[in-house]
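Student: Now for the letters of each chain:
Number of protein chains: 2
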Amino acid sequence: MAKAFLDKNGVPYESIDVGADQEAAQKMVELSGQRGVPVITVDDEVIVGFDSQRLNELFGKTGATDIFDVLIVGAGPAGLTAGVYCARKMLNTIIISENIGGLALESWAIENYMGYRMITGEDLMKKFEEQVRTLNIRLELDRVESVAREEEVFAVTAASGTTIRARALILTQGNHHRKLGVANEEQFLGRGLSICSTCDGPLYKGKRVAVVGGGNAAFQTAIEMSKIATSVSLIVRSTVKADPVYVRKLEEMKNITLHKNTQISSLHGNKFLSGITIRNDSGKEQVMDLDGVFLEIGWLPNSGMVDGLVALNEKKEIIVDCDGRTNVPGIFAAGDVTNVRSKQIIIAAGDGAKAALEVYEYLMKE
Amino acid sequence: MAKAFLDKNGVPYESIDVGADQEAAQKMVELSGQRGVPVITVDDEVIVGFDSQRLNELFGKTGATDIFDVLIVGAGPAGLTAGVYCARKMLNTIIISENIGGLALESWAIENYMGYRMITGEDLMKKFEEQVRTLNIRLELDRVESVAREEEVFAVTAASGTTIRARALILTQGNHHRKLGVANEEQFLGRGLSICSTCDGPLYKGKRVAVVGGGNAAFQTAIEMSKIATSVSLIVRSTVKADPVYVRKLEEMKNITLHKNTQISSLHGNKFLSGITIRNDSGKEQVMDLDGVFLEIGWLPNSGMVDGLVALNEKKEIIVDCDGRTNVPGIFAAGDVTNVRSKQIIIAAGDGAKAALEVYEYLMKE
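Line by line, the protein sequences give chains F and Y.
If you read the first sequence in the working numbering, its first letter stands for residue 12, the second for the next number, and so on.
If you read the second sequence in the working numbering, its first letter stands for residue 12, the second for the next number, and so on.
Don't read these hints as lab results, they were simulated from the structure.
Keep in mind the model is a prediction, meaning the values are calculated, not measured.
Treat the hints with care, as some may be off.
Same chains, same names: a pair is fine if it fits in one copy or spans any two.
Below are the SDA-like pairs computed for lysine to any residue, each with C-alpha atoms no more than 25 Å apart in a straight line [as the list claims (entries may be wrong)]: (1) 265 <-> 30; (2) 19 <-> 193; (3) 218 <-> 15; (4) 218 <-> 61.
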């Protein structure tokens with residue numbers, strides 16, 4: 012990668028194979044104080060490893076007027092994977108994101124990412140980030156405010172005021188869950204309050220849980236959890252909006268209690284959630300001891316910045332085909348911001364790879 | 012998982028929390044000779060861990076007349092991931108495959124599976140398999156010969172003669188690459204002979220390579236490799252079939268030599284490939300020293316068994332939408348057998364997860 016970087020930026024260099032040259036190997040260890048390759052010397056400076064940031068500072072050609080091959084919005088599982096695939100194809104790549112890891116950071120016990128029997132979201136995202144850091148990718152922590160088309164390129168303006176141009180875009184800015192709007196909500200997230208029954212459901216075997224929501228997702232989760240947990244309280248803010256098929260299934264389950272016209276008014280517990288208070292429309296309150304609450308009150312895709320530029324579905328998700336193409340040539344998307352129904356880390360990663368390889372093909376044809 | 016298995020099969024049991032009961036913990040260590048949970052005692056037998064195979068033998072209800080919730084054809088990255096997702100949703104799941112790992116086993120240095128900076132295909136597939144083995148999934152090593160629809164279920168007949176029925180199918184039986192048809196081809200695969208430039212391309216920095224094929228894929232690979240390798244020989248059996256855009260791009264590359272009406276007649280080398288002999292239509296032979304050969308002579312999806320049952324594209328790939336649904340309700344597909352253009356482990360895994368979650372939703376609605 013170091014050689015490829017230098018070649019690409021037209022920097023002449025001498026390459027020494029320390030595997031074959033014992034004397035040079037000795038000298039490298041003395042110079043760098045360690046044994047790993049590559050070691051690059053520039054004038055009096057010794058750079059250990061493929062430090063793409065430092066090499067870019069010294070030799071990079073990324074001025075403000077430059078046009079990147081591809082700009083990736085978001086650095087969750089989809090964006091980071093897309094970045095790795097783009098950089099391996101030697102595309103001049105920039106990622107702009109508010110954080111590194113996205114919503115995956117909120118998962119504290121991932122059992123369904125293939126390759127790891129159990130890993131925290133934070134650890135997994137660190138591994139993703141490390142893979143990105145070994146490649147020549149510019150990663151900017153910034154919030155994208157607007158995306159516009161300018162003839163042959165796309166112009167992305169961030170909160171910091173900078174505008175960056177690229178020949179192709181990969182949109183992976185994810186979604187955010189609707190909030191209950193009660194005190195301590197953030198504190199209990201991942202500590203009894205869950206936003207993903209597919210991820211956390213099996214952890215509640217033999218425990219008491221509540222599910223919040225009145226749509227298909229809430230009913231499905233309640234039915235699913237009724238087979239795992241001892242009891243399920245389904246808390247519906249107003250009236251039931253789920254399909255009749257789910258309502259009938261729910262009625263067959265003996266351990267589900269339905270609370271209509273009811274809201275959670277407070278969350279209880281110390282480190283972990285241990286109970287909730289619910290209040291119905293007539294103001295009557297009830298305290299419930301339980302071990303987990305699953306929120307199924309909806310997700311809001313972070314697609315506002317591209318509304319009007321690419322086609323969105325009725326949920327405001329970006330519509331993609333099975334290869335990650337949007338309706339606009341040059342714009343691709345992956346992960347939770349798209350209309351792909353299941354929102355999972357491995358799905359976002361796979362679709363991020365698809366989008367990157369499609370970008371490569373798109374740019375080759377241009 | 013053990014408790015869930017026993018519950019599902021109606022087996023009464025007593026659960027002892029050895030975290031809370033010191034005396035019971037001591038007894039468990041004595042009985043099992045180790046400290047891991049769960050430990051299950053059945054009469055005089057002691058089962059360590061969630062040994063789904065033994066538990067199935069003792070308590071399973073999987074007779075020949077049983078109907079599975081879902082049958083997965085294939086156990087590559089897509090099939091194994093689908094299996095994990097199905098089992099976590101408590102679906103009664105069976106996987107039928109000729110091998111475990113699929114084509115991923117042929118990759119000897121994977122650098123683009125997120126979560127691992129570098130891993131062999133064999134090691135990665137072992138990790139996938141381990142995740143499957145911790146869950147309640149039946150895994151049969153057998154070759155699927157035919158798939159038929161029988162009113163409400165699908166009947167899958169294997170080479171061994173057994174027919175297995177399931178309410179839903181996930182097709183992940185992959186594809187196989189067309190062969191050159193020369194001696195030692197199998198021996199050099201992964202040792203200089205590559206079937207994936209996206210995977211192996213970066214390993215040939217500064218080396219001499221050949222690309223075999225006359226279509227878009229071959230031309231793309233030659234152009235890509237010309238930026239990485241010092242020289243590229245593009246070997247086209249008959250005439251060029253690639254789009255003009257690629258032909259023009261190729262002509263711009265100074266380090267690509269085009270050999271039309273030419274075939275590889277032999278491969279040379281000891282452990283690793285070190286050269287080839289090519290022969291043109293007039294019988295003239297030429298020996299070339301080189302480090303790598305990329306085959307881009309096409310892929311053949313393993314879809315014969317479902318031809319006529321589900322819609323295939325012109326390449327005989329199974330057509331899926333962005334959620335892994337085929338045109339037949341109850342049949343889903345993922346991985347290299349589908350029309351998804353990029354064939355990668357992380358993509359197959361992600362799409363396997365999609366298919367599994369769609370099966371779950373489909374069965375819930377039934």
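Student: Each hint: holds or not?
Tutor: Verification of the hints:
When the C-alpha separation of residue 265 and residue 30 is checked against a cutoff of 25 Å, the pair qualifies neither within a copy, at 69 Å, nor between copies, at 31 Å. Proximity of residue 19 and residue 193 under a CA criterion of 25 Å is satisfied in neither setting, with 53 Å inside one chain copy and 37 Å between copies. Taking identical chains as interchangeable, the C-alpha atoms of residue 218 and residue 15 lie at most 25 Å apart only when they sit on different chains, with a minimum of 13 Å there against 55 Å within one chain. In this homomeric assembly, residue 218 and residue 61 come within 25 Å of each other (Cα to Cα) only across copies, at 20 Å, whereas the closest approach inside a single copy is 49 Å.
The earlier numbered hints that this structure contradicts are 1 and 2.
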